[in-house]
Amino acid sequence: MQLIFERSVQGRRGFRFGDSDVPTKAQVPLKYARQEDAPLPEVSELDAVRHYTHLSQLNFSIDTHFYPLGSCTMKYNPKFTESIARLAGFADLHPLLPQLAGGEKLTQGALEVLYELEQWMCEMTGFKAFTLQPLAGAHGELTGLMLMAAYHKTKGNTKKRYVIIPDSAHGTNPASAAIAGYQTVAIPSNKNGGMDLEALKAAVNDEVAGLMMTIPSTYGVFESNIEEIARLIHSVDGIMYYDGANLNAMLGRCRPGDLGFDVMHINTHKTFTTPHGGGGPGAGPVGVNAKLEKFLPISRVIKRSGGTFTLNYDYPDSIGYVASFYGNFALLVRAYAYMLMLGQEGLIETSHHAVLNANYLMTKLKKHYKLCFDRLCMHESVFSASRQAARGVHAIDIAKFLIDQQIHPPTVYFPISVSEAMMIEPTETESKQTMDHFVEKMIEADELSKTNPSIFKEFPKTMPISRPDEVKAARDVKISYFLPDAD
Amino acid sequence: MNPYITNTEFEVQQMLDTIGVKSIDELFADIKPQHHPRSFNLPLGMSEYEVLRRLTGLSLRNNVYLTPFIGGGYYDHYVPSAVGMLIGRGEFYTAYTPYQPECAQGTLQALFEFQSHMCALTGMEVSNASLYDGGTALYEAMMMAIRITGKDKIVMDGGVSPIYRKIIKTYTHHLHYQFEEIPVVHGQSSRPEVNKHLDKNTAAVILQNPNFFGAMDDFTDIIEKAHAVGALAIVSVYPISLGVLKTPADMGADIVTGEGQSLGLPLNFGGPYLGFMCAKKQYVRKMPGRIVGQTKDAQGRRCFVNTLQAREQHIRREKATSNICTNVSLCALQATIFLSLIGKGGLKEMAQLNLDKAEYAKQCLAKVKGVEVKRSSPTFNEFTLHLPKDASEVVERMIEKGFAAGFPLGRYYKGMEKYLLVAVTEKRTKEEIDRYVGALQEVLA
Chain A
1462 MQLIFERSVQ
1472 GRRGFRFGDS
1482 DVPTKAQVPL
1492 KYARQEDAPL
1502 PEVSELDAVR
1512 HYTHLSQLNF
1522 SIDTHFYPLG
1532 SCTMKYNPKF
1542 TESIARLAGF
1552 ADLHPLLPQL
1562 AGGEKLTQGA
1572 LEVLYELEQW
1582 MCEMTGFKAF
1592 TLQPLAGAHG
1602 ELTGLMLMAA
1612 YHKTKGNTKK
1622 RYVIIPDSAH
1632 GTNPASAAIA
1642 GYQTVAIPSN
1652 KNGGMDLEAL
1662 KAAVNDEVAG
1672 LMMTIPSTYG
1682 VFESNIEEIA
1692 RLIHSVDGIM
1702 YYDGANLNAM
1712 LGRCRPGDLG
1722 FDVMHINTHK
1732 TFTTPHGGGG
1742 PGAGPVGVNA
1752 KLEKFLPISR
1762 VIKRSGGTFT
1772 LNYDYPDSIG
1782 YVASFYGNFA
1792 LLVRAYAYML
1802 MLGQEGLIET
1812 SHHAVLNANY
1822 LMTKLKKHYK
1832 LCFDRLCMHE
1842 SVFSASRQAA
1852 RGVHAIDIAK
1862 FLIDQQIHPP
1872 TVYFPISVSE
1882 AMMIEPTETE
1892 SKQTMDHFVE
1902 KMIEADELSK
1912 TNPSIFKEFP
1922 KTMPISRPDE
1932 VKAARDVKIS
1942 YFLPDAD
Chain B
100 MNPYITNTEF
110 EVQQMLDTIG
120 VKSIDELFAD
130 IKPQHHPRSF
140 NLPLGMSEYE
150 VLRRLTGLSL
160 RNNVYLTPFI
170 GGGYYDHYVP
180 SAVGMLIGRG
190 EFYTAYTPYQ
200 PECAQGTLQA
210 LFEFQSHMCA
220 LTGMEVSNAS
230 LYDGGTALYE
240 AMMMAIRITG
250 KDKIVMDGGV
260 SPIYRKIIKT
270 YTHHLHYQFE
280 EIPVVHGQSS
290 RPEVNKHLDK
300 NTAAVILQNP
310 NFFGAMDDFT
320 DIIEKAHAVG
330 ALAIVSVYPI
340 SLGVLKTPAD
350 MGADIVTGEG
360 QSLGLPLNFG
370 GPYLGFMCAK
380 KQYVRKMPGR
390 IVGQTKDAQG
400 RRCFVNTLQA
410 REQHIRREKA
420 TSNICTNVSL
430 CALQATIFLS
440 LIGKGGLKEM
450 AQLNLDKAEY
460 AKQCLAKVKG
470 VEVKRSSPTF
480 NEFTLHLPKD
490 ASEVVERMIE
500 KGFAAGFPLG
510 RYYKGMEKYL
520 LVAVTEKRTK
530 EEIDRYVGAL
540 QEVLA
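If you read the protein sequences in the order shown, they are chains A and B.
First residue of the first sequence: 1462, per the working numbering; consecutive thereafter.
First residue of the second sequence: 100, per the working numbering; consecutive thereafter.
Each hint should be verified, as a subset may be incorrect.
With a cut-off of at most 30 Å between alpha-carbon atoms, the simulated BS3-like pairs for lysine-lysine come out as follows [what the hints assert, rightly or not]:
no., chain 1, residue 1, chain 2, residue 2
1, B, LYS252, A, LYS1620
2, A, LYS1486, B, LYS473
3, B, LYS268, A, LYS1755
4, A, LYS1652, B, LYS418
5, A, LYS1620, B, LYS268
6, A, LYS1486, B, LYS466
7, B, LYS131, A, LYS1589
8, B, LYS395, A, LYS1918
Derived by calculation from the structure, the hints in this document are not laboratory data.
Since the structure is predicted, the reported quantities are computational estimates derived from the model, not experimental observations.
Please work from the sequences and hints to get the whole structure.
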């Protein structure tokens, strides 16, 4: 397809500003002035609308396709939350208003949303306080680790250097730990998909600042030794960090705050179904227990005895600002709307049905693909395409076969500790029929891997493009229209 | 039952039978009674209509009807309707990060176009596919400069947004970097002071154009000095101003970041916004965040993929250039559509309208008794007033008159309690500006 720049016709306009109604005509002094106009495209509104509508049609999305991308929790995004986020009273609100003298009375509705959302999150997770500032899950991780660092600094724990992370963790965990100034220690998993306790015991010493854990793990397994793990980490005054990536399996079944964790983040797009937007924006609220509360970022939303809301910046031990304002408000209000609608029962049902669907899919597939941990799973399960790989058909080939069947592939090659991994998460919003269809196609892929393995290299065949040359992309670095083509 | 669960009771039973368990409870057998929640006391659910009514009610308790003259880096610009309609397409906003390029060319091409737009705006050679917001983007740029130079001293101009500076302080206070903050003089970068602090240990000088006080600058001289000592120059920019202002590329900047809210994003009470980062091509492998690259498929057709992923956390884990994963793709798409619609001529026209209206407001305000317009250098669409009394009191009185009159600088700068930062965008009419001037006159009388 053409680029928008290639549709450009000199002099064409897609939007007209009105004429200036002020008598002043200002001139930028030459020394400060732009020399040449920015080479933006010149298209009509219709040109742009067709262009971007056509582009959208090149995507798979939840609205159009089954999207069982493991660990990413691609559940249906209710439409009414879109309407709510676009209400003028939220969308047009300037973030500096509540910081003006007398300004907080202009934003009582927004502050109430934030306050109430924090209360819901505290009750759901068993934590004492939340900050809504972090702008995505990984940003939440970094915030949590900075709280950990502040705790150790205040306690005079000068030796703390390591953060322990299981080998099944998302890549963001070690990356966030490194940015927060820690070295990481990876702990392998045992044969049941849990943490290897002996390896953990060997790693725990007084240089350990804390441990980051995802429960259920990315293997879809609940960590049954959690009390022992928490005891070990706390015995050296370490901090227990709960990565909330898979909280969607746990609502009403257990709360991280009750399991011995000190701090956690939530990915709102996973558990509370804020749309992922093709790669964000997200939101990564962080919850803490009493031990870490005083270090939370500022500002914090406070409810006064009279029932009004205000922002408080007066926390001398706070780590400071982690974002410019109060978080990704338009995402947070969607999450709040979703919670209000579902309520206690509805939220518990999301986890029940997420786990039911995952087990159903796993049970039907395990006759045809190697299941990593043959036991009941939580919200997702991890298979290996090792049998198919022995025939020359790899996880990526099966993924491309599925694309031709109009199904978004599962997550492949993650967790990295499993070879030929295929991580499948159907979510609670999908129907039995959709899952049955997916299983049929997966069986078809398995059969085809026996009869005609070489054909897989041609997949996908029905899309506007076949497999891209990724090596060329990394070698040529053509990442802007204005850079020269390599050939 | 929760309205977004599709399966019926009958189907649920069929599924349980297939799995070989009697109830959903059995699926949770690994979670022992001692793990059960000590409390899960939440309200009952509501209907869609009830939630809409409740949240519409809360939205009405926010005042968005004041005439805004407030900016501070976040501006009331017009967003053409087509922008909102197009990003509302489910194929865009209900997709995930484009891990499978064959079924995500829409998102990938849009991000390639975004990168190209940002290069067009800033004049830089390369761009990434977005970061969270302007503040975190500046932090990422600083870390990138430290990685590139292997040095640990940062010279930060006082004209950089105090909000951004606070964020950077939070992220680095536990790390061992040396910071030199150089206060502005008459609202502008102090050349002698900045230059004095540039030395062989400096990783980067961080500048902003226009600066927080609204003043435009040409940093070519500072950047030359920085380069002479082996430091990089990072410039944070306001994208709309680049319709008329000298590009950071023309000043010699190495890394350019900014807040893209002005490019078609609503104010949203603080987010989501759009962080962007551009750089010289030689530094592309040190950049944080996702980058989309052009390539070909097996049939030689042009296509787009996430590229240079060896920098990223999902490959490199603790050795990654950043921990960022989810960024703000949909906001980048918003900016892409916005820039495509207004186009080459529109950007210049929009910037000129901002400039003209702000200049008009300045001229009128200069005539108000007791008001002094700080005029140390030309400004773009925001400028600083010195008032005869506390600016936050004045703002409070102006709220009663229907105006968000500006941002009192005393909030972030000690000793500047009488200074007010006023923004005038293309949306303000002459009539609104005249009424604002009249209201201020009354308040100060």
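* Asked: Failing hints, ascending?
  -> none
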